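*Asks:* Sequence:
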Amino acid sequence: MSSLIGNKMALLSLLAAGAALASYALPIAAFAQNGSADEEPKWNDKHWPQHTWDENTKSYKDDAGKEYKCETKHEGSWYYFYKGEFYKCDDFKPESGSTKGPYD
1 MSSLIGNKMA LLSLLAAGAA LASYALPIAA FAQNGSADEE PKWNDKHWPQ
51 HTWDENTKSY KDDAGKEYKC ETKHEGSWYY FYKGEFYKCD DFKPESGSTK
101 GPYD
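Residue 1 is where the sequence shown starts when you use full-length UniProt numbering, and the numbers rise one by one after that.
Treat the hints loosely; a few may be bogus.
[Stated by the list, open to error] Computed list of lysine-lysine pairs in DSSO-like fashion (alpha-carbon distance at most 30 Å, straight line):
| hint | residue 1 | residue 2 |
| --- | --- | --- |
| 1 | Lys66 | Lys88 |
| 2 | Lys46 | Lys66 |
| 3 | Lys58 | Lys42 |
| 4 | Lys69 | Lys83 |
Source of the hints: derived by calculation from the structure; they are not laboratory data.
As the structure is a computational prediction, the values presented were derived from the model and not from experiment.
Put together the whole structure using the sequences plus the hints.
*Replies:* As structure tokens, this is what we get:
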């Protein structure tokens, strides 16, 4: 019986890990569809000027209220994907020394 519970827990762990990896891979996959295979993604060092930071959701929003989540980590900073490019979540300020992301 404990073997069955152990197998269920292992499966749940794999599913959770897969979901976490998918959240990071989706923006990269979207870039791959929009760019060429040889093209590097563009990493902007600031957020899109017309987007505003929402402290409650830890994401950026446009004038229509569409949310852009900071779910891609690159060289120690968090980015969101918009119009085929990555934009830095420059308003996200983790505690000093923290490695946690906006949604941890």
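*Asks:* Which of the stated hints cannot be reconciled with the structure, identified by number in ascending sequence?
*Replies:* The structure conflicts with no hint, since it agrees with every one listed earlier.
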